[in-house]
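Q: Protein chains in written order, with the working numbering: chain A, 1 to 65; chain B, 1 to 161.
Rather than coming from a laboratory, the hints here were simulated on the basis of the structure.
Note that the structure is a prediction, hence the values are computed from the model and not measured.
The reader is advised that the hints may include incorrect statements.
Computed footprint of chain B on chain A; a stretch qualifies when at least three of its residues, placed anywhere within it, have a C-beta under 8 angstroms from a C-beta of chain B [stated by the list, open to error]:
(1) 20-27
(2) 32-44
(3) 51-57
The calculated SDA-like cross-link candidates involving lysine to any residue, where the alpha carbons are at most 20 angstroms apart (straight line), are [what the hints assert, rightly or not]:
(4) A/50 to B/26
(5) A/50 to A/39
(6) A/50 to B/37
(7) A/50 to B/142
(8) A/50 to B/23
(9) A/50 to B/124
(10) A/50 to A/37
(11) A/50 to A/38
Far from chain A, some chain B residues (derived; all Cβ distances over 10 angstroms) [claimed, not checked]:
(12) 25
(13) 66
(14) 68
(15) 85
(16) 94
(17) 97
(18) 101
(19) 111
(20) 132
(21) 135
Glycine included, C-beta positions come from ideal geometry on N, C-alpha and C.
These are the residues of each chain, in order.
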Amino acid sequence: MSTTPRVPSAVPDRPAAFGTALAHQPAMAAAFGELYGTFWSHGALDHVTKETARLRNARITDCGY
Amino acid sequence: MGEQTWLIDAPDASLGAVVGLRPELAERYDALAEQVWRSGVDPVLLELCRIRVAQLLGDAAGAALRTPRAVAAGLDEQLVVRLGEWWSHPLFGTVERAALATAEQFVVDVHGVSDEGFAGVVQALGAPGAVAFSMALALFDGQSRIRLVFAAPSSAPGGAP
Chain A
1 MSTTPRVPSA VPDRPAAFGT ALAHQPAMAA AFGELYGTFW SHGALDHVTK
51 ETARLRNARI TDCGY
Chain B
1 MGEQTWLIDA PDASLGAVVG LRPELAERYD ALAEQVWRSG VDPVLLELCR
51 IRVAQLLGDA AGAALRTPRA VAAGLDEQLV VRLGEWWSHP LFGTVERAAL
101 ATAEQFVVDV HGVSDEGFAG VVQALGAPGA VAFSMALALF DGQSRIRLVF
151 AAPSSAPGGA P
């Protein structure tokens, strides 16, 4: 897996990262933010359970971020 | 009516029925999916990758589905029939091969998506298209996995009665 960004930042003067790459698709980025924000702020699961699953998923996929 | 599901509150195992159990999420999930299909990336290319992801994950229901937007854009069923031969069959061009190679690697082992391989996607689709394509793969992968997780064991071939 590369550690070099594969698409440039869409935000002037900001380095390429998940958010600045996603900004190439502003409507999609907004929709993703709405979904992700709702996931973390609503629902039947407590935050500890959600975060535990997120961290485990990140470890299994070896995502350092 | 789709497959049965062990979720007692869902009428069936269709993605809409399962995700619909959380209406606040379902609405936003649908909105994100809509943006993927409206991103400017060829819907036929997206559909081929969606079907291939479903095939690799053993999601027969997902592989059998057809997204209306892709059908309207001219999805050729011959391409679907030959999807397992994308790397050699003449029906598939450079763009399809770059996209399908990345889609397969995304499912099998995402760390195996190489700089060279993804450069082919960026070259074919541009940076905005490559971003949309990546989100599409995540969405398709998740859709198939959700569908598989919530299907009742009795609905799976060889599963418990």
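Q: Hint by hint, note whether the structure agrees.
A: Taking the hints in turn, this is what the structure says about them:
Taking a C-beta to C-beta cut-off of 8 angstroms, the region 20-27 of chain A contributes 5 residues in contact with chain B, enough for the three needed, and the coverage statement holds. Requiring three or more residues with a Cβ within less than 8 angstroms of a Cβ of chain B, the coverage given for the region 32-44 of chain A holds, as 8 such residues are present. For a cut-off of 8 angstroms, the count of residues in the region 51-57 of chain A with a CB near a CB of chain B stands at 0, and the three-residue condition is violated. Only pairs whose Cα atoms come within 20 angstroms are accepted, and residue 50 of chain A paired with residue 26 of chain B is accepted, the gap being roughly 18 angstroms.
Pair hint residue 50 of chain A plus residue 39 of chain A holds up; C-alpha atoms about 9 angstroms apart against a cutoff of 20 angstroms. This hinted pair does not check out: residue 50 of chain A and residue 37 of chain B have alpha carbons roughly 28 angstroms apart, beyond 20 angstroms. Proposed proximity of residue 50 of chain A and residue 142 of chain B is supported: the alpha carbons are some 16 angstroms apart, at most 20 angstroms. Under the criterion of a C-alpha separation no larger than 20 angstroms, the hint pairing residue 50 of chain A with residue 23 of chain B is consistent with the structure, at around 18 angstroms.
A threshold of 20 angstroms between alpha carbons decides the hint, and for residue 50 of chain A with residue 124 of chain B the separation of about 36 angstroms lies outside it, so the pair is violated. At roughly 13 angstroms between alpha-carbon atoms, residue 50 of chain A and residue 37 of chain A fall within 20 angstroms of each other, so this suggested pair holds. The hinted pair formed by residue 50 of chain A and residue 38 of chain A meets the criterion: a straight-line CA distance of about 13 angstroms does not exceed 20 angstroms. At roughly 6 angstroms, the least C-beta separation between residue 25 of chain B and chain A is not larger than 10 angstroms, which violates its mark as non-interface.
For residue 66 of chain B, the shortest C-beta to C-beta distance to chain A comes to about 22 angstroms, beyond the 10 angstroms cut-off, and the non-interface label holds. A cut-off of 10 angstroms between C-beta atoms confirms that residue 68 of chain B is not in contact with chain A; the least separation is 19 angstroms. With a least beta-carbon separation of about 27 angstroms from chain A, residue 85 of chain B lies farther than 10 angstroms from that chain, consistent with its non-interface assignment. Interface exclusion of residue 94 of chain B from chain A stands, the closest Cβ pair being 18 angstroms apart, more than 10 angstroms.
A cut-off of 10 angstroms between C-beta atoms confirms that residue 97 of chain B is not in contact with chain A; the least separation is 18 angstroms. Chain A leaves residue 101 of chain B outside its interface by the beta-carbon criterion, the shortest separation being 15 angstroms against a cut-off of 10 angstroms. A beta-carbon of chain A comes within 10 angstroms of the beta-carbon of residue 111 of chain B; the shortest separation is about 4 angstroms. Chain A draws residue 132 of chain B into its interface by the beta-carbon criterion, the shortest separation being 5 angstroms against a cut-off of 10 angstroms.
Some Cβ of chain A comes within 10 angstroms of the Cβ of residue 135 of chain B; the nearest lies about 6 angstroms off, and the non-interface call is violated.
In the structure shown, a violation is registered for the earlier hints numbered 3, 6, 9, 12, 19, 20, 21, in ascending order.
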